[in-house]
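Read off the chains here:
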Amino acid sequence: MSEIVSTPISFFDLEIEYEQPDFKTSMDRAPVVQAIWNALRPWGMNVDDLEIVTTGKLSEQGIRFKIPLKSSMFFWGPASCRFVRDNTGWDIADETITIIDAAVAALLSASNIKIAKYKTSVIIHAQPKRLPFSKILAPLVPPQILAFESQEIKTAAVVVRWEDRKITIDGSASLANGLFIRYERDFPGGTPYQQIAERLLADEEQIFAMLDIEAEQ
Amino acid sequence: MNGIIDQQTPSRDWTTVPRLPMLHENIQPTSSAKAADPLNDLLEGLEHQLQEQDREFDLSIKTLVRMYMFSDRREVTAFLRSNRTVVPLLIEAFPHFNRSFNGTPLLLEVMAEESESRTINALAMWWGIREEARARLRSFDNSWWLENVGKANGRVVFDYQIEK
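Residue numbers (numbering that gives the first Met the number 0), protein chains in the order written: chain H, 0 to 216; chain R, 0 to 163.
Chain R on its own, in the form it takes in the complex (with noise of 0.2 Å):
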């Protein structure tokens, strides 16, 4: 986190309006038809955990957005939306991939292939020597990564990347 000071955001949501249950919605049933139905209920469960998945998407992306700045947004998102799996890994790794690095800026970049992407990479964006970099990079792979490395099932990049 970077902000010292302020609010800065403005914490709305537009895509619902609060309401409260009216009391006999929690008395009565709806529908006892409905209600025996095993399919219906199948679907309309399986729905809620679709729901409730995108939500907990959504706010794992807010929160990568935070430590990690995205090369193309739109693209990016598509890769984590395919490849669920990967996101609590990069959040995972955040704080030791920042620290190795001094707290340099992290950039998530999907990579680019002929057919669809299977790989992210996450680079250091490092102003300093390539040796300095590499040294980094190998200190981040034995405390952490090399631990961690089969969570990632080869989708997965940690490297560098030297800006001037």
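Only chain H is shown next, with the shape it has when bound in the complex (with noise of 0.2 Å):
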């Protein structure tokens, strides 16, 4: 049986690279943050949640809109453009897409960015309810490794990267018994958002199936 998990940390993050920078439009700002304020408000933004990030490295500047009531924060800068959500789940994946298409189909009417590709990382923090998580994790080391002692593993950390894939899996930092899977891919711009979600879903499902472990219901 699989051991159940409970998910009391997780959260979202998808950066929209553009085919090139668009500075035309971030030298005129005005009517693309009008165009994302409007498209965001009915998610009960407020204008004192606008920040103009003028720190940093040119690619990290630009309008961050924060959506406290979604735990969510957009991002508009001038090479690309950020969404993340916190306390997230598939429970509300259609919910976080509808808010995403909002302001990115706002900017994109605004401007003239054209979306290059889509990176989005999932992570997780998931405390098991039985098992130390150690346990959960020695599968993953390598049986060359293991056999350098004869004590259990206190913990172990794998990263796996492909072409367009990435998978780290550890110890989670910020729980006590705590597992952290963060696993990301990119997408052509393009891709429907209801196409990621899918892939995602999958790519969660195999990675759980994997450490046999099941979310709380």
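Just so you know, these hints were derived from the structure itself, not from any lab.
One thing to keep in mind: the hints can contain errors.
Mimicking DMTMM-like on lysine to aspartate or glutamate, the simulated pairs with C-alpha atoms at most 20 Å apart in a straight line are [what the hints assert, rightly or not]:
1. H:Lys128 <-> R:Asp158
2. H:Lys116 <-> H:Asp211
3. H:Lys128 <-> R:Glu74
4. R:Lys163 <-> H:Asp211
5. H:Lys153 <-> R:Glu162
6. R:Lys61 <-> H:Asp85
7. H:Lys134 <-> R:Glu162
8. H:Lys128 <-> R:Glu51
9. R:Lys163 <-> H:Glu14
10. H:Lys128 <-> R:Asp71
None of these values were measured; they are calculated from a predicted model.
Reconstruct the complex from the two isolated chains, following the hints.
Shown next, in the form of structure tokens:
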């Protein structure tokens, strides 16, 4: 039987890279800010939730739209934009897609931006109900390394990267007896959000099955 | 701490938007009538103090979540909110309790009682034999707990739970 885990901490991160930086719109920001503001207003934003970021490299500067009611943030910069949602889950995936769609559609309509790539990350801190997290991580350690010592491992971590995908599995630094799971995947511009969500859900199911864990209902 | 790699937290605060004070706010009193009202000053001071305490409590809970598993997050947090003196004790106890039980996961569980819960159990989840767990608990008692038991006011029980 799979180990049941709770997921007290989770977040979703989407970075959208443009085909080329859009300096013209960045110089005259008001129409884009107004368009994104209008699009995100239904989720209870107020004017104090806007932040102008003027520090860091040029690519890190831009406008940040916070949506506190949805623990979300949309950032618009000259070379990319970014959406982040905390305390996320598959039960609110449709709502997350609606918010992203609203913000990105507003940005595209008020600018000449063309999307080159979607870079997605899902981060989960999972807490097993019954087993020590190290028991769940132990099968991921190569037997050659396990053979170094006769005692049980305390913790372990694995990072695997492919051309358009990356998986990180570690002990959680935020949760007692917790697992840290981060899975990332890139998608070409034009991929429908629903398709992205389905692919990420399949990735999560694959990782959970490999770790032999199951999310608490 | 278990994490070895990766930046694991988003480090965002949804509740506050940073705002620097304007120059005039530092130089000019906002209202002389308000400043002269001692009751108003007192209430503002109390409110500020409560907010500060809430912030400190939230930070302590974040620390505890990294040390102990919560059997029921809402129930345990509610107990700790009503028994705030228990929080620093649990934080202080962690390295000793953790070392005594060789780093096994530790669980906080509010004891079910008919009226309001009066005690919280800090349990070492133990997968070995009972005798060894008993010896480890005795070692924890002798090395730290007996000297500090007075701080708990009878609200905390350190024990083990045999897991299969």
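- Task: Provide an ascending list of the numbers of those earlier hints which the structure does not satisfy.
- Result: 2, 8, 9
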